[in-house]
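Please model the entire structure based on the sequences and the hints provided.
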Amino acid sequence: MQLRYKSLIFLTPLIVIPLFLVGVLSYVELKNINQRKVIQESNTMLDQISLMSDDKIKVAQANVNILSANHLLKQYALLEDEETRYGLLLSPLLSIFSEIQKTIPEYYEIKFTLPDGYEDAIWIGGDIANASEVISEEPYFNKMLSSESVFTTLIHDENTNAPAIFIANPIIITDPAEEGVAVSAKLRGFLSISLDLTFLQKLVNQFTQATFGSVAITDYDNNLLVWPKEQLWMNQGLINVLASEVAQRKEQQPIDSSPYQFEFGKTRYYAHKKELPSGLMLYSIVPVSDILEQGNVIGNLVILVTIGAILLSALLIFITLQKIVIDPISKLSNAAKSIGQGELGYQIKTDSRDEIGSLAESLNTMSKNLQMSLEKIYYIANHDALTNLPNRAMFNHYFENAISVAKQNNSKLALLFFDLDDFKQINDSMGHEAGDELLQELSSRLSQGIRDQNCMPDADHSESCDLLARIGGDEFVILLNSIESPMDAVAVADRVLQSMAVPMQLQNQEIQVSCSIGVTIFPDDADTASDLKKHADIAMYHAKDEGKNTYQFFSDEMNSKMLSRLRLKARLKTALLEKQFILHYQPKVNATNNSIVGVEALIRWNCPTEGLIYPNDFIDVAEESGLITPMTEWVLNEACSQNLQWQQQGLKKLPVSVNVSSIQFRQRDLVGMVTESLTKTGLDGQYLELELTESSLLEKSDDSIDILKQLESVGVRVALDDFGTGYSSLSYLEQLPIHILKIDRSFILSITDENSSRTIIDAIIALGHSLGLSIVAEGVDSRIQLEYLRKKGCDIIQGFLFSKPLSADRLAGRLTEKNIYIKKTTDA
Amino acid sequence: MKQFIRSIFLLGCLFVYSVSLSADTSKKHLVILNWSEFLAPSLVDAFEKKYEAKVKEVYFESDDARDQILLQTKGKGFDLILVNGSSFRSYRKKGWLQPIPLEEIENFKYIEKRWINAFDSVQGYSVPYFWGTLGIAYRKDLLVKPIERWSEFFNPSDELKGKIIIVKSSADIIGMALKSLGYSANSENHKELDQAKALLLQQKPHVAKYGYINLDENSALVKGDIVATMVYGGDALNVGEHHDQIVYVLPEEGGNIWVDYFAMSSEAANYDLAIKFLDFINDPEWAAVNAEETYLATPNTEAKKLLSDEFVSNPVIFPDNKTLEKSEFFKTLSPRAMRHRTSIFTRVVE
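Read top to bottom, the protein sequences are chains A and B. For the first sequence, our numbering assigns the number 1 to the initial residue and increments by one for each residue that follows. For the second sequence, our numbering assigns the number 1 to the initial residue and increments by one for each residue that follows.
Just so you know, the hints here were simulated from the structure itself, not pulled from any lab data. Please read these numbers as outputs of a predicted model, since none were measured by experiment. There may be inaccurate statements among the hints.
Once the Cα atoms are required to be at most 30 angstroms apart in a straight line, the calculated DSSO-like pairs of lysine-lysine come out as [to be verified]:
#1 B/50 / A/102
#2 B/197 / A/74
#3 A/266 / A/323
#4 B/331 / A/74
#5 B/2 / A/102
#6 B/49 / B/109
#7 A/102 / B/191
#8 A/74 / B/93
#9 B/168 / A/74
#10 A/186 / B/76
#11 B/93 / A/186
#12 B/276 / B/322
#13 B/49 / B/305
#14 A/74 / B/28
#15 B/28 / B/276
#16 B/49 / A/102
#17 B/140 / B/168
#18 A/102 / B/276
#19 B/76 / A/74
So this is what it looks like as structure tokens:
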């Protein structure tokens, strides 16, 4: 957080100072401009007033001239006889004056004065009385006398007691009638107009309103004549001060156009001066404070703007810095913290290409590298360096997890401990290098055999994940996760032994190794890791005791079980060789008319020592040992030849169905076997049926269809046995070229079982029929079942209700015409 | 182009005019500057017939107006000028008049002696024509009580306010104002004159017009727009013909006695015809006709004899001496006084 404020504190002055400077300069400049403006305005104003008053006076002078030329006036002026003058001419002349005065009221006095100063014909506007009738005493009189043309002067009119502009024109004319042409003109008198100063007052008022300061008009002696009355500060005293200032300037600098400055009554003023014709002085006076005030207004504005700009820039800087620098940096800082706290592989999202972006990328790379390193370390910590198999540590950890998972899921685990027989000798004789090589070779062989090696020690792992680990010099362990039965462990143990059985090439020598395997089962043998490990160890030593290159279970039971299995395997071999197997045949009956329509061939073992043994007891061992193939071969041959024999005997021709195990279906060329049997025995394919379980068809789906099609092509039909217990998809079912559906016993039971629902069996029958298959019900043993199945449309019935599996002869008996239809009298 | 056409047109007019003029030069012309209604039309007709001449009258409204005309024209264009006695002196001074050979006027002998020299400078240059008074004519039906004094006129009651006309003549206005204040009409006293000025100025707002009323049936006095006016006696009777409620009064303070003379313009074009005319109008019979038709007092004694009793005894036309006691002739005043009066007069009427 600090950085953002730090940067702000450092950067802000950089912005503030230039802005401030700009502000100050603007302020000063604007102020100056303003002042100059005011002064200029004053000057302009003075010029204007001067022009206007000049105009006025000029017009008055012109009027004086015009009036001087008036015929009547001339007559009047020439007439020396008073009587006539006053009697006849005065009245019309005064009328003229009066008219003029009405038209231009400012010409408040119009008169004709005789050369001696007597106001001979005088007209004064308004109620003004004429104080005296002579102007000879007036100060301007002599000057007027001596002037030869229009005479303009400022006077103080005693009649009005106010200043006025007096414009007089000497009337110098000749009287052609009386005095002759040769004589020069004589002064007859003066025609004058007195102009009051109201126009000046108006101008002064106007201009004072419109601009700064005030205008004052004085006479030549600086007596204040006209000024705006509202401006109370304007008085004679002020003018006097100003006048002295003017006089001073005149002495020092005769020509200077800058304003006068003076102080009066604690106020400073600027003033400009202009002389008007007729001796008037024009002053414009501005209190300095007024100018400053204006300047202040602008100044304040500038200050405001500057402050605003400063604040705005500060804000913008703050925001921009934040966004571009501070935030990314803090983001990076947080990321680094996370990584430091163990969140390796944390990747910072960034799309900027700048320095910070590249820093983020580097951080990401570093994080990833850290993660990878950690993983590597982890791997190294958990794996054996030589073989890359998980090591003891990992195994222990994994084992603990697997146990807790198995406990939760109620599943079984198998633990196989094994070490190499006589490894020490190999090491000693061939050297440690060779020993290592051996171990590596062995490890890779073993790894290939294990179900799934890609497991991480993970408590949540619930998949069936097996572990092969090297826990000691030549000591290995295999953990089988969620096994179905201990037999799964056997398969693995066998595979281990088999993989060892293949000799190894070691330093150009062929070496044969073996191992001893100890097997223990969870939770059968124990339920703690340490106990299980102990048991496995013990079992391994058992194996060594038993002669090595073998496996031993911890439980004796298991061991004995294994033993009997082995023995059974041997006996089965013998049985096959000595033809101890026989086939029994169970009739399949038409549901409606009870006639036999087929038979199922079931294998039995006529063991000399133990008597008749049913397939349940030996089929799995047969499948395990690979004996199932010759057995199936034998069954096919036997069933076909028997069926042919019956046909040759003239008995009803019907198909015989043979069970084929899923292993058989998967592993061997079934089609070849079947066709060979048919050819060998000569039975027509249509009289042979194969019964396959759902599960066998589930795997290798494309191949399954092919095989079935091939079978079909030789006429052999296929029945789906134990239907309803597998996981086939209905669409797959539709594709399969099968002909018969055999409902599993469990569903037949459900008919009579109060607690079961019959919906499934109904559905199966419906499904089968909709697929065009004939339905066989297996294990029917009661009338009720039969009735139900008949009602539901089941095609064929097989079960104890009609007949148990019979020997060939007894079945032959059933097939004679007489006994085709079976009716069972006893109810089941 | 316009200018050219205009001047051509003007020239054309002038030509026609001059032709018409010259056409009429066979007939002699007599131009008389006179008051209106001051010369009987029948007399004019008779004269014209007798002498095969054409008489043209130019009218003026007041003495001062006539002064203006003469100032402008200096008498040129006129043969005979009707001049009031008091103006004679200045007219002569201006040289506007020439002497009249009275011996050539036969009927001059009938003129009453008292008028021949009544004013300064009139003798030898004039023939007395009519005389009369200056008073007030008013509509008696429009007033509560009759006017008897000038002061009533100069201090008008509400009935009179705005309904007064005063003769635009300096002597008449100021003179009568003075008389209403009890002073002489010829006073030269500044104080008295200023008082008169004040009186006139305060009357000014209530004066409808400074001028002279019409004397025909369209007169404002006939209509009643004007209730009272300063008027010469004969004119009062003249306008009175049109309304029987018009009354003339010579106020108690007295009025002005005027005498009008015929004078010969020094620029007279028809001197002889003018002389003949002067003789003609003084033929007693014609003088009587003239008087009767104008309601004016003739100075011709023989003519007076021929007038009806009624006429002669009309106090408006021929006021007796008693009535005339307080009235004055206007005298010639000093220049300065005249100057003062002129300025007062101008002040009042402008």
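Would you list, in rising numerical order, the hints stated earlier that this structure does not obey?
1, 3, 5, 12, 14, 16, 18
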